[in-house]
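Trainee: Each chain, written out:
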Amino acid sequence: MSVPILEVVDVHAAYGRIEVLRGVDLRVPRGAVLALLGPNGAGKSTLLKVISGQMQQTSGDIHMAGVHVTNAKPDDLAQLGLTTIPEGRSVFPNLTVEENLLLMSYAGVRPEQVFDTAYSYFPRLHERRHQLAGTMSGGEQQMLALARALTSDPALLLLDELSMGLAPLIVEELYESVGQIARNGVSILVVEQFARTALQIADYAAVMTGGRVVATGEPSEVEAIMADVILGGAA
Amino acid sequence: MSCRQCGQGSDTMSDGRTPGERTLYDRTLLRRLRATSRRSRRTAVGVLALGLVIGSAGVALGPAQAMAPATSYGGFSTAATASPLKLEVFEPSIPIPTEPQFEMDFSYTRVLGDSGPSTSARASAMWPGPAIGEGLKTFGEQLGLPSQLTGGGYPVQVNSQFPGDPSQAASEPFPGMVQRVNATEKKTTAKAGYTGSGDLAEGDSGDGSATPAPNPLDGLSKGDFSGLGSALTGAKSGSNEDPTQTNPMGALSMLIDFDGMTSVSSTTYDDDQVVSTATSRIGELRLLLGMIKLTGVNVVTKVTSSIDGGAKTSQVVDVGGMTIAGQKFSYGPDGFTAAGSTTPVPGMPSQASDLLKMLGVQIEVPKPVVTADGGTGKVDAEAVRITIDTKPLRANLPSLPLDDLVSQLPDMGQANVLKGLLLSLNTFAPTLVLHLGQASAAATTVPNFDVGGSDAPSAGAGTAGAAGAAAPGAAGAAGVGAPGEVPPAAAGASTVSTPLKQVSGVPGLPPLGSVPGMLMMLGILLAAGAGWYLRRAGGLLFGAGATCAHGLKAGIPDLRKA
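Protein sequences, first through last, are from chains A and B. Add 8 to a position in the first sequence, counting from 1, and you land on the number used in my numbering. Add 16 to a position in the second sequence, counting from 1, and you land on the number used in my numbering.
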């Protein structure tokens with residue numbers, strides 16, 4: 009069995025005295041898409057923050073590509089291939105699409121290469137390249153966020169609530185793009201509430217409730233038991 | 017412009033910050049200072065905890081150190097071993113890596129004692145020596161025997177120990193063959209032999225110190241009939257100090273009692289002396305509660321050791337004799353003994369000796385080996401030693417045609433081992449040594465060990481002149497140097513008062529605050545540091561040097577290249 013690109017072992021994390029993660033165990037195989045599902049307040053976003061170095065776990069281990077990662081800063085992780093697309097897209101609304109993309113060239117990538125990557129995945133962004141990002145639709149903003157992340161050549165992509173506030177058709181379109189990214193060899197951990205959409209592109213799935221991973225397996229297996237799990241069957 | 021030193025000036029600084037606002041550099045510096053402070057606090061807490069542990073250990077050990085021994089000696093060691101009949105076989109062709117290759121002690125007893133007291137006793141009707149007796153399980157494993165046969169160790173033995181379990185054990189492998197052991201704080205006894213009374217009398221050690229066994233009928237003269245009733249019914253009550261024994265002959269043993277091949281080993285520990293006694297007897301018939309005793313071989317060795325009196329040894333070696341009302345009639349290595357006087361006897365006729373020698377048989381009446389040096393004493397005695405060398409007999413027998421038969425076996429694998437064994441039969445001529453009435457006793461006492469120097473002479477009131485005047489006994493009791501040793505008085509020495517410090521004579525941890533105590537604490541700290549370093553080094557060596565419990569190296573990987 010090959011070394012997984014991400015392995016979370018018995019991770020605990022808390023906001024103050026409130027413990028949010030209560031011993032999370034999770035593995036993302038190399039080149040696979042893992043859909044992390046679960047209700048609000050399950051600790052999914054907190055787990056992404058811990059993995060990306062934005063939050064310190066209280067105990068437990070995080071291994072990336074067989075290396076124990078401890079006290080790593082988010083920017084160090086980003087430079088070495090861990091890219092996070094946070095919940096709410098976080099684009100610069102008062103900058104144009106091109107300016108938003110141009111910011112990624114500060115990481116050392118040539119502007120031409122940044123534009124080429126972004127527009128090849130999302131041609132619509134080329135049409136809107138001179139438009140202020142804040143005036144675009146939610147789906148287009150999410151595309152911009154995805155494109156911005158892809159220009160950093162990620163090896164492991166953490167996607168948090170890609171579908172938040174978007175119409176189902178737009179969500180499907182976005183997930184088609186995510187599937188294309190995965191086919192190019194990028195490992196993806198996607199946190200999602202819209203289970204069916206995420207499971208369509210996922211290789212594996214896990215369900216989190218109450219700060220713990222309560223079920224893992226193939227997407228079809230998880231889909232069959234998810235309702236029971238989330239509604240308290242296995243939690 | 018504002019002043020960066022005093023913080024006074026306008027509300028806005030040159031870089032656009034307000035006076036209370038911190039730069040990124042300030043925040044980083046502050047975070048590092050906080051981290052350093054946290055680490056310092058953790059280190060301080062760790063050192064404090066270590067100090068508390070060591071301190072509490074010292075406090076906990078304090079009372080033990082303060083305990084003074086109730087005995088006049090600081091330590092002792094005793095050993096008593098007895099075996100009425102011991103057979104040794106010396107034959108190098110027997111594939112047992114011991115010397116002798118085979119031995120068997122009949123009615124074997126052994127008692128060991130050490131300071132504490134920590135004692136052990138063993139009794140075995142047939143003891144095959146330590147090689148087989150202790151290592152039967154190993155022999156069984158090597159020979160491929162079922163573990164049920166040898167897993168429980170050598171079966172014909174009982175053992176006891178103090179402190180520990182069992183403190184008392186008894187067994188009778190066959191009716192009349194008794195094995196008894198009993199270990200207490202003051203006395204440890206092992207008995208083995210063949211008797212009809214269920215217990216073996218320890219007997220008289222021969223130095224007049226033994227107290228006669230209580231006669232159950234003594235109470236009759238005082239009008240107490242309970243002893244007679246108990247004797248007739250066989251009812252008894254005992255304790256760990258005086259364990260109850262079964263009596264197959266019941267009240268009949270008052271009239272006729274017998275011991276076959278018996279041995280009794282015992283050690284006692286009093287406050288001022290320790291005694292080790294070993295007794296071997298072969299054949300004893302007692303009539304009328306022992307008023308008339310007929311004995312075959314009776315060997316008793318005894319060592320009494322104390323600080324004041326040193327080691328005193330005694331031994332009795334009787335070969336055939338009769339005792340009537342305490343009056344002994346016997347034959348021993350020094351001749352006939354009757355009415356307290358010994359008469360030498362002429363040696364064995366030379367013709368008979370020569371005849372036995374020609375047959376390879378040698379009979380010796382060994383002299384007891386006695387050593388006594390200060391508080392250490394040891395007596396080894398045996399009644400008769402018979403050595404049978406079978407080589408002269410073997411030389412007169414025709415050789416079996418084994419060589420021709422064995423040569424027919426094929427030269428392959430296991431057959432070569434078998435051939436070697438069969439061929440060795442032609443050279444098989446063991447030497448047999450029979451020891452009759454073997455008994456060995458040893459005892460040692462040592463004075464209290466005084467770590468802090470001399471506090472003697474106690475009667476000297478702190479003056480050197482008075483020290484010279486102290487009695488030798490007083491100096492010996494002080495526990496410094498050999499018993500009776502007195503430091504020489506300096507002629508004309510002035511009375512210089514030297515403050516004497518009372519220290520405990522018990523070995524233990526030195527008091528906290530003293531130089532030895534600090535050295536010990538330094539040693540503990542160094543050991544802890546060395547342990548931490550070795551653990552860390554071992555972890556690095558085996559890939560577990562990182563903080564990860566899963567043995568992975570720590571760091572930040574390049575995920576694109578991984």
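For the record, the hints were derived by calculation from the structure and aren't laboratory data. All residues carry an ideal CB built from backbone N, CA and C; glycine is no exception. Warning: the hint list may mix true and false statements.
[What the hints assert, rightly or not] Some, not all, of what chain A presents toward chain B, calculated at C-beta under 8 Å:
{"#": "1", "residue": "78"}
{"#": "2", "residue": "89"}
{"#": "3", "residue": "103"}
{"#": "4", "residue": "144"}
{"#": "5", "residue": "161"}
Trainee: Any hints this thing doesn't respect? Which numbers, in order?
Mentor: Numbers 3 and 4 - these are the hints that the structure violates, sorted from lowest upward.
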